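Peer 1: Going down the list, the sequences are from chains A and B.
Position one of the first sequence corresponds to residue 1452 (the numbering used here), numbered consecutively onward.
Position one of the second sequence corresponds to residue 15 (the numbering used here), numbered consecutively onward.
Hints were generated in silico from the structure; no laboratory data involved.
Everything numeric in this text was worked out from a predicted model, so none of it was measured.
Honestly, I wouldn't trust all of these hints.
[What the hints assert, rightly or not] The list that follows gives simulated cross-link-like pairs (lysine to any residue, SDA-like), each with its CA atoms no further than 25 angstroms apart: (1) 1568/A <-> 96/B; (2) 1468/A <-> 1511/A; (3) 1467/A <-> 1529/A; (4) 1663/A <-> 1614/A; (5) 96/B <-> 1595/A; (6) 227/B <-> 1592/A; (7) 231/B <-> 1591/A; (8) 231/B <-> 96/B; (9) 277/B <-> 1595/A; (10) 227/B <-> 156/B; (11) 1645/A <-> 1595/A; (12) 1519/A <-> 1483/A; (13) 1525/A <-> 1540/A; (14) 96/B <-> 1474/A; (15) 231/B <-> 1488/A; (16) 1519/A <-> 1488/A; (17) 1568/A <-> 1614/A; (18) 1525/A <-> 174/B; (19) 230/B <-> 1468/A; (20) 230/B <-> 1550/A; (21) 96/B <-> 1571/A; (22) 1525/A <-> 1461/A; (23) 231/B <-> 1512/A; (24) 1571/A <-> 1546/A; (25) 1568/A <-> 1587/A; (26) 227/B <-> 1552/A; (27) 1571/A <-> 1591/A; (28) 1571/A <-> 164/B; (29) 277/B <-> 234/B; (30) 1568/A <-> 277/B; (31) 1468/A <-> 1550/A; (32) 96/B <-> 1539/A; (33) 230/B <-> 1513/A; (34) 231/B <-> 1587/A; (35) 1671/A <-> 1573/A.
[Unchecked claim] Interface residues of chain A toward chain B, partial, derived using beta-carbon atoms under 7 angstroms: (36) 1518; (37) 1519; (38) 1557; (39) 1590; (40) 1593.
Heads up, the beta-carbon is just placed ideally off N, CA and C, and yes, glycines get one too.
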Amino acid sequence: MKEMKNNPVSPVIQIKKLWAGYNSEFALEDINLNVLPGDFIGLIGPNGGGKTTLLKVVMGLIEPTRGKVKVMGKTPQQGRCHIGYVPQQVALDRDFPIAVWDVVKMGLLGCRGILQKTSKEDEKVILESLQRVGIEDLCTRPIGDLSVGQRQRVYIARALTTRPLILLLDEPTASIDPQASQSIYELLHTLNNKITIVMVSHNMDAISMHVKSIGCINRKLYYHGTKEITNEMVNAIYNCPIDLIAHGVPHRVLSSHTHEGEDHA
Amino acid sequence: MLEALQFNFFRNALLAGALVSIACGIIGTFIIVNRLVFLSGGIAHAAYGGIGIAYFFNQDPVIGAVIFSLLSAFGMGYVVRKTRERADTIIGVMWAIGMALGIIFLDFSPGYKADLMSYLFGSILAVPASDLLFMVILDVVILLTVVLLYKGLVAISFDEEFATVENVPVNTLFFVLFALIALTVVITMRLVGLIMVIALLTIPPAIAGIYFKDLKKMMIAASLLGILFTTCGLFLSYYFNLTSGATIILVSGTAYGIAQASKSLTNHRKNPL
């Protein structure tokens, strides 16, 4: 808290010297990250590189082994009220008997208890979320009838219903065709006007065009608050930048000089 | 045709069938969507341990079954919640140990034990009034709990992680659900016996799930289907002099087969290969 007062903009998520993992094996080592209001951060890394673990630690779903995590200056358990979470889609059991409207309504559970009745105003919030992601006409359909891309929009709408300050997305375009993922990135771009976004992915082609800054994560985090990928990052997790170079993204993401030593944020 | 209705025991049996069907329709729906079928079977069999111990100490077996099924529900529930992998192995072990414990305690109990078969295969035709009262109370408890906690129960069933992030008391709700499963198992056991409990808990909601993609509708449809199956089963068992529990299950199973077949037929028509 003291440090935050010195800072003109306090970070919405603050991670300091974080170590975390499962069964004595660390998935994350010495992570330091400040997410500032308005950021749109894309974190890329190979599968098993700790991307999901990082999101889960921020949301208090996994206790860190060492280090500190603050969300809106509070513990993850208290601060996660301000987080809208869009989980990685597991196509497995989406045959759940539930309509789109009721899924989006779950965003209203947030931090006010499950006994509250749904009011007229709540219904307006649900409708607004549905409209923002453009699926209001699907609201009575069972979730199992939707395409993967449509379902992703449902989960984004559910996250928006929580009226989040921060949006965390786990592989938002996994198993979605390029066109649908393009439109999801455009949607996120618009949402970023008001909401801070952190997104993780193993596919960086599209990510790099829409985010404001990029980091790489493979147990360790390489993030300098810029949109460039340094040689250091390439060396650390060459899986993903190689991918990038091979696909030839219109943007020049790989910088010719490195940014080490430059203190950002 | 309806001469059976003049018998008091038969009317009681129909009533018991309806009461149990309501509990099974609601709780069974949660069991199916949460994939807790195996856990429910485990609870039913482990409850036999409670019955044996109650016999040994000369207590009401139903009370023994209630206590034991609650304990095993919490034990198995804990295992399911804590150890994601291999939970089925541990449930299987507890399932068998509970059953074995019951049998050993019965070996040690003196006297005539013919009544015990009724716990294995059910005794719907000999439901005492006290059981009917217990069933009514349980139905009321289940209805009130589910109505009150509906949003939370749906949230944890659909996406536990998201519910946690929303600070829904996920663990508490799961244990409420486990307790309700345990109590439902005990009254269902009186009806069709512990071996066939799973059928009545899963078949009606499974059929309902084919036609309804909404939890509430699924619960209502499952309850109504359960009432239909128990009623048909009872009449058939009366006229053909068959074991009532098994007849009910076979009626349900036949309906399930027909429902599944018609589902794959319509699917086939929709998307011909």
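Peer 1: Broken hints, numbered, in rising order?
Peer 2: 1, 5, 8, 11, 13, 15, 19, 21, 23, 24, 30, 31, 33, 35, 36, 37, 39
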